[in-house]
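Turn these sequences into a full structure, and let the hints steer you where they fit.
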Amino acid sequence: MNRIHKKLQEDKKLLSIYFTAGYPNLEDTVPIIEQLQKSGVDMLEIGLPFSDPLADGPTIQESSTHALTNGMTTAKLFEQLKDIRKTVNIPLIIMGYFNPMMQYGVEAFCKKCNEIGIDGLIIPDLPVDVYNEEYRSIFEKYNLINVFLITPQTSEDRIRFIDSVSNGFIYMVSSASVTGAKNTFGDAQNQYFERISNMKLKSPQIVGFGISNAETFKAATKYGKGAIIGSAFIKMIKEKGIEGIDDFVKSIRL
Amino acid sequence: MKTYNVNEKGYYGDFGGAYIPEMLYPNVEELRQQYLSIMNEDSFKEEFHQLLKDYVGRPSPLYFAKRMSEKHGAKIYLKREDLNHTGAHKINNTIGQILMAKRLGKNRIIAETGAGQHGVATATVCALMGIDCVVYMGEIDIDRQAPNVARMKMLGAEVRPAKSGSRTLKDATNEAIRDWINNPVDTHYIIGSAIGPHPYPDMVTRFQSIISEEIKWQLKEKEGRENPDYVVACIGGGSNAAGTYYHFLEDEKVGIIAVEAAGKGVDSGESAATSALGKEGIIHGCKTLLMQTGDGQITEPYSISAGLDYPGVGPMHAHLYRSGRGEFFSITDEDAMKAGLELCKTEGIIPAIESSHALAIFHHKKFKKDDVIVINLSGRGDKDLNTYIDYFDL
Chain A
1 MNRIHKKLQE DKKLLSIYFT AGYPNLEDTV PIIEQLQKSG VDMLEIGLPF SDPLADGPTI
61 QESSTHALTN GMTTAKLFEQ LKDIRKTVNI PLIIMGYFNP MMQYGVEAFC KKCNEIGIDG
121 LIIPDLPVDV YNEEYRSIFE KYNLINVFLI TPQTSEDRIR FIDSVSNGFI YMVSSASVTG
181 AKNTFGDAQN QYFERISNMK LKSPQIVGFG ISNAETFKAA TKYGKGAIIG SAFIKMIKEK
241 GIEGIDDFVK SIRL
Chain R
1001 MKTYNVNEKG YYGDFGGAYI PEMLYPNVEE LRQQYLSIMN EDSFKEEFHQ LLKDYVGRPS
1061 PLYFAKRMSE KHGAKIYLKR EDLNHTGAHK INNTIGQILM AKRLGKNRII AETGAGQHGV
1121 ATATVCALMG IDCVVYMGEI DIDRQAPNVA RMKMLGAEVR PAKSGSRTLK DATNEAIRDW
1181 INNPVDTHYI IGSAIGPHPY PDMVTRFQSI ISEEIKWQLK EKEGRENPDY VVACIGGGSN
1241 AAGTYYHFLE DEKVGIIAVE AAGKGVDSGE SAATSALGKE GIIHGCKTLL MQTGDGQITE
1301 PYSISAGLDY PGVGPMHAHL YRSGRGEFFS ITDEDAMKAG LELCKTEGII PAIESSHALA
1361 IFHHKKFKKD DVIVINLSGR GDKDLNTYID YFDL
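Line order of the protein sequences matches chains A and R.
Residue numbers for the first sequence follow the numbering used here, beginning at 1 and rising by one.
Residue numbers for the second sequence follow the numbering used here, beginning at 1001 and rising by one.
Keep in mind that the hints were calculated from the coordinates and are not lab data.
Be aware that one or more of the hints could be misleading.
[Said to hold, decoys possible] The calculated DMTMM-like cross-link candidates involving lysine to aspartate or glutamate, where the alpha carbons are at most 20 Å apart (straight line), are:
| no. | chain 1 | residue 1 | chain 2 | residue 2 |
| --- | --- | --- | --- | --- |
| 1 | R | Lys1365 | R | Asp1295 |
| 2 | A | Lys182 | R | Asp1179 |
| 3 | A | Lys111 | R | Asp1229 |
| 4 | A | Lys225 | A | Glu10 |
| 5 | R | Lys1066 | R | Glu1223 |
| 6 | A | Lys112 | R | Asp1229 |
| 7 | A | Lys82 | R | Asp1295 |
| 8 | A | Lys222 | A | Glu10 |
| 9 | A | Lys7 | A | Asp42 |
| 10 | R | Lys1102 | R | Glu1213 |
| 11 | A | Lys111 | A | Asp83 |
| 12 | R | Lys1071 | R | Asp1371 |
| 13 | A | Lys12 | A | Glu215 |
| 14 | R | Lys1106 | R | Asp1179 |
| 15 | A | Lys141 | A | Glu107 |
| 16 | R | Lys1366 | R | Asp1390 |
| 17 | A | Lys76 | R | Asp1295 |
| 18 | A | Lys38 | A | Asp163 |
| 19 | R | Lys1009 | A | Glu134 |
| 20 | R | Lys1368 | R | Asp1179 |
| 21 | R | Lys1009 | A | Asp129 |
| 22 | R | Lys1163 | A | Glu62 |
| 23 | A | Lys12 | A | Glu134 |
| 24 | R | Lys1368 | R | Asp1229 |
| 25 | A | Lys202 | A | Asp163 |
| 26 | R | Lys1220 | R | Glu1250 |
| 27 | A | Lys112 | A | Glu140 |
| 28 | R | Lys1279 | A | Glu107 |
| 29 | R | Lys1009 | A | Glu10 |
| 30 | R | Lys1045 | R | Glu1213 |
And the structure:
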């Protein structure tokens, strides 16, 4: 059974953390993962940095540029992660843009993920329609769960379609924005969370974008199965480094 | 049937499509569903053509360049897009897209710009229609292109610096896309070239296709035939080229010549010759040829001409290249600058440096004496005076 499925069955609200691989230092990737597991995080999105991250705000852009300057590459990330399953058992998802995966070779990329023990992928600029027609069989062959996004503007029909193609969870983008843009949730978000919850989708939803502290984590997980923190974590690690991780995680899940 | 046009899924051969984050899907899908029916409305066509005539000053002349023809031993015609309002072909597309935006009920416009030509053309039509306009421009380009920044401000647009990445055109495009993600309901994004997710390349091409539509009847008047032997255009993203080729794509007797910017030389590491240096990949929502590292990171191109300084090429052109339908040339800064000066002295026309690249074709390809060649003179050289002054020490 894929680790993501197993995790989703646990009777708790899941805290997932996104971080950019190779940031702040090239060799921080594995220590960050190990510390996040130790601090009780449920699931990780490992960001494969890209030169032109369209869906990301300034914090993740900067961390990506920095990581690339540090020398991070797809091959380097795979090398760093090659023994990760000896020490880490929480679900690991690689999140990145499609072009670097294409250049590595989509099948070669998926095969490598499978060998390492990666459980899923989030690729914001690979649309569900293209995935479904061209890449789904490759992902399934290597037992990788592909996670799709929905937003407050996504139509009900399309949400149903995305739900039907999904086999793990749905990444519910909290508001119309790039990452790291907003810090609080208003009525509009709460209504949207409730609306989606009432659709009774087969895939659980994990909320991302705009979650930065205990308050927003709580609001996001009132309806959703869990929440993802990205930009706020990157800001923290920039300031405090790996030593700051434990306090940060504890401050989210009081 | 073999075709060089877009198919119903938004692809030109292997290239095109819409590789966009879900956040953009509703906007792009709305446009995809509506653009053709809107463009086919009689009231749309009427308003579009009226503005092209009275405001832009179309048709632009097809000028027989007698002295150039004598010099190079061919019948050379120049399609004078440089005489359009705002000084280049860019306005054809922005007029079309502002009318599209109005019909889609949008009340805010965003655009990206490199040298500022598309930014000025967008600010112009927004002023014309009284619509709010935000133009994203790389921080470095803002410093390099002060007069166009001033023009945009005078026209009432807000110019926002793109401070991420390499702080040039590709980053300005990223910022515009992020703005669109953040403002999904009221905003239309006017992309300036034949790039981006489907339907943009096709929509921009159709608005620019007025160029080849006019060439056909103008050439008929002058030569008694609609089709030249060759059409020639410079390519950055490729909107002027797409418009110049459009009505000749399916007639293989018309040779299609595409001129890219080689910068300091294709192998110099400072180039924008995408067909020669690019590999298949995804940039700004479409699959096309683009300049990138082996690891799939998009690299920064170089050309003396800011309008050709884009790491990708429109998907139509990627297909023309791969299929062999188009003949591609890479022209260095030096050859382009010389060709620009040659046109000044031979015909009394100061071309934009982008267009100078196309003019350099006569030093790189031999034509027959009775070949009829139409070169798209995509823009005028006023904006490039400082570059010309520095380059030739005038």
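Verification of the supplied hints:
1. R:Lys1365 to R:Asp1295: Violated, at about 35 Å.
2. A:Lys182 to R:Asp1179: Roughly 14 Å between the alpha carbons, so the hint for Lys182 (chain A) and Asp1179 (chain R) holds.
3. A:Lys111 to R:Asp1229: violated, 50 Å
4. A:Lys225 to A:Glu10: Holds: Lys225 (chain A) and Glu10 (chain A) sit about 10 Å apart, inside 20 Å.
5. R:Lys1066 to R:Glu1223: With Cα atoms ~14 Å apart, Lys1066 (chain R) and Glu1223 (chain R) stay inside 20 Å; holds.
6. A:Lys112 to R:Asp1229: violated, 51 Å
7. A:Lys82 to R:Asp1295: holds, 19 Å
8. A:Lys222 to A:Glu10: OK: Lys222 (chain A) and Glu10 (chain A) at ~16 Å, within 20 Å.
9. A:Lys7 to A:Asp42: holds, 8 Å
10. R:Lys1102 to R:Glu1213: violated, 25 Å
11. A:Lys111 to A:Asp83: OK: Lys111 (chain A) and Asp83 (chain A) at ~16 Å, within 20 Å.
12. R:Lys1071 to R:Asp1371: Satisfied, since the Cα-Cα distance of roughly 14 Å is no more than 20 Å.
13. A:Lys12 to A:Glu215: Given pair Lys12 (chain A), Glu215 (chain A) holds - Cα atoms ~17 Å apart, limit 20 Å.
14. R:Lys1106 to R:Asp1179: Satisfied, since the Cα-Cα distance of roughly 14 Å is no more than 20 Å.
15. A:Lys141 to A:Glu107: Judged against 20 Å, a Cα distance of about 9 Å means the pair holds.
16. R:Lys1366 to R:Asp1390: violated, 31 Å
17. A:Lys76 to R:Asp1295: holds, 10 Å
18. A:Lys38 to A:Asp163: Violated, at about 32 Å.
19. R:Lys1009 to A:Glu134: holds, 14 Å
20. R:Lys1368 to R:Asp1179: violated, 50 Å
21. R:Lys1009 to A:Asp129: Given pair Lys1009 (chain R), Asp129 (chain A) holds - Cα atoms ~11 Å apart, limit 20 Å.
22. R:Lys1163 to A:Glu62: Status holds; Cα separation ~10 Å.
23. A:Lys12 to A:Glu134: Given pair Lys12 (chain A), Glu134 (chain A) is violated - Cα atoms ~35 Å apart, limit 20 Å.
24. R:Lys1368 to R:Asp1229: holds, 10 Å
25. A:Lys202 to A:Asp163: holds, 7 Å
26. R:Lys1220 to R:Glu1250: Distance ~18 Å between Lys1220 (chain R) and Glu1250 (chain R) Cα, so the pair holds.
27. A:Lys112 to A:Glu140: Since the Cα atoms of Lys112 (chain A) and Glu140 (chain A) sit roughly 14 Å apart, the hinted pair holds (cutoff 20 Å).
28. R:Lys1279 to A:Glu107: holds, 18 Å
29. R:Lys1009 to A:Glu10: violated, 41 Å
30. R:Lys1045 to R:Glu1213: holds, 14 Å
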